[in-house]
Amino acid sequence: MEFTAQMIAQYLGGSIEGNAQATVHTVAKIEEGHPGALSFLSNPKYTPYIYSTRSSVVLVNADFVAEHPVEATLVRVPNAYEAFARLLDLYAQAKLPANGVEQPSYISDKAQLHPETYVGAFAYIAEGAQIGKDAKIFPQAYIGRNVCVGEGTIIYPGAKIYDDCQIGNRCTIHAGAVIGADGFGFAPTADGNYHKIPQIGNVVIEDDVEIGANATVDRATMGSTYIRQGVKLDDHVHIAHNVEVNSNTVMAAQCGVAGTSKIGKNCMFGGQVGIAPHTNIGDGVQVGAKTGLAGTIKPGSMLLGTVGQDAGKERRAIAVYKNLPDLYRRLNEMERTIAKLMEEK
Amino acid sequence: MEFTAQMIAQYLGGSIEGNAQATVHTVAKIEEGHPGALSFLSNPKYTPYIYSTRSSVVLVNADFVAEHPVEATLVRVPNAYEAFARLLDLYAQAKLPANGVEQPSYISDKAQLHPETYVGAFAYIAEGAQIGKDAKIFPQAYIGRNVCVGEGTIIYPGAKIYDDCQIGNRCTIHAGAVIGADGFGFAPTADGNYHKIPQIGNVVIEDDVEIGANATVDRATMGSTYIRQGVKLDDHVHIAHNVEVNSNTVMAAQCGVAGTSKIGKNCMFGGQVGIAPHTNIGDGVQVGAKTGLAGTIKPGSMLLGTVGQDAGKERRAIAVYKNLPDLYRRLNEMERTIAKLMEEK
Amino acid sequence: MEFTAQMIAQYLGGSIEGNAQATVHTVAKIEEGHPGALSFLSNPKYTPYIYSTRSSVVLVNADFVAEHPVEATLVRVPNAYEAFARLLDLYAQAKLPANGVEQPSYISDKAQLHPETYVGAFAYIAEGAQIGKDAKIFPQAYIGRNVCVGEGTIIYPGAKIYDDCQIGNRCTIHAGAVIGADGFGFAPTADGNYHKIPQIGNVVIEDDVEIGANATVDRATMGSTYIRQGVKLDDHVHIAHNVEVNSNTVMAAQCGVAGTSKIGKNCMFGGQVGIAPHTNIGDGVQVGAKTGLAGTIKPGSMLLGTVGQDAGKERRAIAVYKNLPDLYRRLNEMERTIAKLMEEK
Numbered sequence: 000m001e002f003t004a005q006m007i008a009q010y011l012g013g014s015i016e017g018n019a020q021a022t023v024h025t026v027a028k029i030e031e032g033h034p035g036a037l038s039f040l041s042n043p044k045y046t047p048y049i050y051s052t053r054s055s056v057v058l059v060n061a062d063f064v065a066e067h068p069v070e071a072t073l074v075r076v077p078n079a080y081e082a083f084a085r086l087l088d089l090y091a092q093a094k095l096p097a098n099g100v101e102q103p104s105y106i107s108d109k110a111q112l113h114p115e116t117y118v119g120a121f122a123y124i125a126e127g128a129q130i131g132k133d134a135k136i137f138p139q140a141y142i143g144r145n146v147c148v149g150e151g152t153i154i155y156p157g158a159k160i161y162d163d164c165q166i167g168n169r170c171t172i173h174a175g176a177v178i179g180a181d182g183f184g185f186a187p188t189a190d191g192n193y194h195k196i197p198q199i200g201n202v203v204i205e206d207d208v209e210i211g212a213n214a215t216v217d218r219a220t221m222g223s224t225y226i227r228q229g230v231k232l233d234d235h236v237h238i239a240h241n242v243e244v245n246s247n248t249v250m251a252a253q254c255g256v257a258g259t260s261k262i263g264k265n266c267m268f269g270g271q272v273g274i275a276p277h278t279n280i281g282d283g284v285q286v287g288a289k290t291g292l293a294g295t296i297k298p299g300s301m302l303l304g305t306v307g308q309d310a311g312k313e314r315r316a317i318a319v320y321k322n323l324p325d326l327y328r329r330l331n332e333m334e335r336t337i338a339k340l341m342e343e344k
Numbered sequence: 000m001e002f003t004a005q006m007i008a009q010y011l012g013g014s015i016e017g018n019a020q021a022t023v024h025t026v027a028k029i030e031e032g033h034p035g036a037l038s039f040l041s042n043p044k045y046t047p048y049i050y051s052t053r054s055s056v057v058l059v060n061a062d063f064v065a066e067h068p069v070e071a072t073l074v075r076v077p078n079a080y081e082a083f084a085r086l087l088d089l090y091a092q093a094k095l096p097a098n099g100v101e102q103p104s105y106i107s108d109k110a111q112l113h114p115e116t117y118v119g120a121f122a123y124i125a126e127g128a129q130i131g132k133d134a135k136i137f138p139q140a141y142i143g144r145n146v147c148v149g150e151g152t153i154i155y156p157g158a159k160i161y162d163d164c165q166i167g168n169r170c171t172i173h174a175g176a177v178i179g180a181d182g183f184g185f186a187p188t189a190d191g192n193y194h195k196i197p198q199i200g201n202v203v204i205e206d207d208v209e210i211g212a213n214a215t216v217d218r219a220t221m222g223s224t225y226i227r228q229g230v231k232l233d234d235h236v237h238i239a240h241n242v243e244v245n246s247n248t249v250m251a252a253q254c255g256v257a258g259t260s261k262i263g264k265n266c267m268f269g270g271q272v273g274i275a276p277h278t279n280i281g282d283g284v285q286v287g288a289k290t291g292l293a294g295t296i297k298p299g300s301m302l303l304g305t306v307g308q309d310a311g312k313e314r315r316a317i318a319v320y321k322n323l324p325d326l327y328r329r330l331n332e333m334e335r336t337i338a339k340l341m342e343e344k
Numbered sequence: 000m001e002f003t004a005q006m007i008a009q010y011l012g013g014s015i016e017g018n019a020q021a022t023v024h025t026v027a028k029i030e031e032g033h034p035g036a037l038s039f040l041s042n043p044k045y046t047p048y049i050y051s052t053r054s055s056v057v058l059v060n061a062d063f064v065a066e067h068p069v070e071a072t073l074v075r076v077p078n079a080y081e082a083f084a085r086l087l088d089l090y091a092q093a094k095l096p097a098n099g100v101e102q103p104s105y106i107s108d109k110a111q112l113h114p115e116t117y118v119g120a121f122a123y124i125a126e127g128a129q130i131g132k133d134a135k136i137f138p139q140a141y142i143g144r145n146v147c148v149g150e151g152t153i154i155y156p157g158a159k160i161y162d163d164c165q166i167g168n169r170c171t172i173h174a175g176a177v178i179g180a181d182g183f184g185f186a187p188t189a190d191g192n193y194h195k196i197p198q199i200g201n202v203v204i205e206d207d208v209e210i211g212a213n214a215t216v217d218r219a220t221m222g223s224t225y226i227r228q229g230v231k232l233d234d235h236v237h238i239a240h241n242v243e244v245n246s247n248t249v250m251a252a253q254c255g256v257a258g259t260s261k262i263g264k265n266c267m268f269g270g271q272v273g274i275a276p277h278t279n280i281g282d283g284v285q286v287g288a289k290t291g292l293a294g295t296i297k298p299g300s301m302l303l304g305t306v307g308q309d310a311g312k313e314r315r316a317i318a319v320y321k322n323l324p325d326l327y328r329r330l331n332e333m334e335r336t337i338a339k340l341m342e343e344k
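One line per chain: the protein sequences are W, U and D, in this order.
Just so you know, numbering that gives the first Met the number 0 puts 241 at position 242 of the first sequence, and the rest follows in order with no gaps.
Just so you know, numbering that gives the first Met the number 0 puts 68 at position 69 of the second sequence, and the rest follows in order with no gaps.
Just so you know, numbering that gives the first Met the number 0 puts 80 at position 81 of the third sequence, and the rest follows in order with no gaps.
Don't take each hint at face value.
Put simply, identical chains are the same to the list, so a pair is met inside one copy or across any two.
[What the hints assert, rightly or not] Lysine to any residue pairs mimicking SDA-like chemistry, simulated, CA-CA at most 20 Å apart:
1) K132 / P77
2) K321 / D309
3) K44 / Y193
4) K94 / N145
5) K195 / Q92
6) K312 / N322
7) K339 / R227
8) K321 / A338
9) K195 / E81
Hint data in this document are derived by calculation from the structure and do not stem from the laboratory.
Chain W extracted, bound-state conformation:
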C-alpha cells in the first residue's frame, strides 16, 4: 500500500509543507527514517532529527517551527502523536485479510458463519460454532463445538479453542494460544494412581480481550473460567481452571495463575509472576516481576518478592539481603566484643 502526503493530510485534516506527491509505504521512527517511510515528531527531544531524517513524510504539531531547512514533506496536524496512532490503526486494520473462505477449510454444516468473515485454509470450525461478523479465523485455527466467536475478533494461525468456550467481540487471540484445555484436576486413588476429574466447564472471554501467543486458559471443572472485558494477557501466560481475571487487568509474559484464584480489575502484573491456588487479589493491585502471591491481597496494593509482600518493605529487605555477608561479619565481631566485655566485667 502506498500513500501520498496529500492523501494523508486529507485523511487527517492537516496541511502540507513540501512535496504533496511524496509517497510512503511504511512507517519508521524519525531517527531511523528512510525514503518511503512516514514518521512523526511529537517529543521536542527528537526535534534535531527532523533536519536529518530520511523519511519522506513527517507528521508535526501545528505549532512546530523549523529552525533549519527540512527535506521531508511535513504534514501539520493538531496532535502529531495522536494522528500517527490513528494512521497506524488504519494501517493495521488494512493489513488484515479480506473476508472470504479459503480452501481447503473445514466448516461443519451445523456451524453458523456470518457471511462477512475470513476463514483461512486448514481452519477447522466444528458443529454448533458461531462466528460473528468480520471475525478473522486465520489458517490452521481450531474452533471447537458450540464455540462462539464474537464480531471483529481475530483468531491468529493455529490458535485452538476447545468445545463450548465463548470469545467476545473485538478480541485478539494470538497464534498457538490454547483456550479451554482441561483444568489440571486429578483425585488420588487408593492404589497410588490418579483418577482424572472430568473438566466439563468452559472458558468465557469477554469483549476487547487480547491473549498472547502460546498462552493457555484452561476450562473450569464446572462452571466457567472468566477473562473479563478488556483484559490483556501476554505470551505464555497460564490461567488455570475456575480462575476469574477481572476487567482491564494486564499480565506480562509467563505469568501463571493457579486454580480458582480471583484477580481484581485494573491490576498490573510484571512477567513470570506466580499466583497460588485460591488467591484473592483486589482491584488495582500492582505486582512486580517474578513475585509469588497467595492468600488475600488488598485492593491497590503494590507487591514484590518471591514470597510477595508490600513492594516498599520488599525493597528494603532486598537492600539488607544484599549486605547479608557484611551483616554476618559484623554480628560475629560484636559477639566477640561482647564476650570480651563479659569476661572483663
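Use these hints to put chains U and D onto chain W, whose structure you have.
For chains U and D alone, coordinates are given in the frame of chain W:
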C-alpha cells in the same frame, strides 16, 4: 445430550424422589444450579443449598433426610460424590468425537491405523506411524514417522509428536503440546560459534499420562526421555532431553526440568519450579511453587525456596528475611551501644 | 536406513577389525548398546564397556589397544568422538524429508518457492513469501505474507511466522514456535480501558539460529526485533518486542526478555531467567537460572539471584540467608546480654 432422572437413576442403580421425567443436559455446582442441570450433594456444608437450588436433578446420599421441601428431583445413591464422578466420566467419554476419518487429512499409506479411531481434518500421520484402537487424533495434530499412539489415547488439536516417539495407552496430550523436539545441545567451536549436536533419541511416554497444553518434552540426545506411567504434567511444563520422570509424579504449570535429571515416583511439584541439569530427585518428594533445585534430593523431602532447601527451614528463613530491615536497625543500634560500652570501660 | 561396518569405515576413512558386513540401523551409548546399534569409545572411563557392549559396531581411536576379546566390529579412526559426530550429522540430515510439495498444501501463487524445497501437507505459504533452496517447511506450518525463509532452514510442524518476518539461512524453528506475534503494547485511555498500539514492525532472525518448541519472538512496535547470527533459544523462551539478542547468545528454557532490552554477544542464560524492560546486557555475560535482571550489566559479568547481582556475592548472601534463623537467635541473645551489661554498668 439430554437425560431424564429415570435414566440416571437406572444407570446408577439409585431411587427417584420427584419427577422421574425431569431432564438435564448439563451439570452445575449445587449452589450455582439452574434448570436443566444435574448437581450433587455430598458435603453437609452444602446441605442448605438443596432447598434453594434451581438444578433439575440432584444426586444425594441414600441417608439424606430433607428437613424442608425440595423442588429438584432427587436421585438417592449410596455415595453421591462417587456417583456424580461416574456420570462425569461417562459424559466426558460421550463428548469425544465418534470414530472415523475426516477429510482432508493426510495419512501415509505406510501408517497403520486401527479401523476404530478418530482422525480429524488436517491431521497428519506420517509413514510408519501406528495408531491404536479408539485413539482420537484431533484436527491439525501431527504424528511423525514411526510414532506409536496407544489405545484410547487422545491427541488434541495441533499437538505435535516428532518422529520415533512412543505414546502409551489412555494418554491425553493437550493442544499445542510438542513431544520430541530436539534437546538443547550445542558444542562450542573454536571460532566462537556453536555446532548443533544431533538429537537422535526419542521420547517414551508410558500409559495413563496427561500432558498439558503447550507443554514440551524434548527427545533424548541418544536413548530416550522417559515419562513413566501415570505422570501428569500441566500446561507449559518443559521436560528437557534425557530426563526421566517416574510414575505418578505430577507437575503444576510452567515447571521446567533441565537435561538428564531424574525425578522419582509420586512426587508433587508446584508451579514454576526449576530443576537444574543432572538433578536426582527421590520418590515422594514435594516441591513448593517457584522452588529451584539441584543436586541430590532424598526421598520424601519437602522443599521450598529459590535455592531450594527443607520447606520448614525455608519458611523460618523467609520469616526472618521479611524482618531484615528491622534486624538491620537493631544490629546498628547494638553496635553503637557496644562502642559506647567499650569507650566507657 | 541400514549401514554395514564397511560403508561406515569407507565414509570415515577408517579401518575395520571384525565382521565388515555387520549392520547397524541406529546408534546407542556404548553402555546401553544393543544389536544393530553403532557406538563409540572416546573417554577412557568407558573402556570397560567395550568388552561387554552388545552394539554391533563401535568406533574407536586409532591407538586403542584391546586387553580382552571384543565381540563388536571395531572401526578405527583418528578421533572416534569426532567421527561419531560426523556420522550423527549425516544421519540427522538423511532423516529430513525429501524435497517436494505434499498435498493438500496452500501456496499463494504470489509466493516464490525455490524448486528444491519440502512443503508438508497443510502448510500455508502466503503471498509475497520467499522460500529458499533446501528449506523444509513441515506440515501445518504457517508462513505469513512477505516472509523470507533462508536456504536450508527448517520450519517444524505447526510453527507460525507472522507477516513480514525474516528468517535467515540454516535456521531451525521448532514446532509450536511463534515468530512475529504482536508486541505487548497498550496505551491506557481516560476511561480506564486500554487502546492497542499497533505493532507494525517485524522480527529479523539471522543465520544459524535455533528457536525451541513453543518459543515466542514478538514483532517490534516499529522497526525490528533482532535475533542475531548463531543465537540458540530453548523451548518456551519469550523475546518481547524491539529486543535485540546478539550473536551466539544461548538461553535455556523458559527465559523471558521484556521489551526493548539489548542482550550482548556470546552470553549464556540458565533457565527461567527474567529480564526487565530496557535492560542492557554486555557481551559474554553469564546468568544463572531463575535470575532476574534490570539496568545495565557490564560485559563478562556473572550474575545470580532473583534480584540479580554478582554471582559470588549472591552465593555468599544465600549462605547467610539459609542461616537467618540462627543469626536471628544470636542477635536476640546479644541484645539481652548488652541490656544486662548496660544495666550492671
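Evaluated hints:
1. K132 / P77: neither (34 Å within a copy, 51 Å between copies)
2. K321 / D309: Answer is both; intra-copy 18 Å and inter-copy 10 Å each pass.
3. K44 / Y193: neither (62 Å within a copy, 26 Å between copies)
4. K94 / N145: between (29 Å within a copy, 12 Å between copies)
5. K195 / Q92: Answer is between: at 12 Å across copies they meet the 20 Å cutoff, but 44 Å inside does not.
6. K312 / N322: both (16 Å within a copy, 9 Å between copies)
7. K339 / R227: So K339 and R227 fail the 20 Å test inside a copy (66 Å) and across (61 Å) alike.
8. K321 / A338: neither (28 Å within a copy, 25 Å between copies)
9. K195 / E81: between (52 Å within a copy, 13 Å between copies)
Going through the hint list in order, the structure does not satisfy hints 1, 3, 7, 8.
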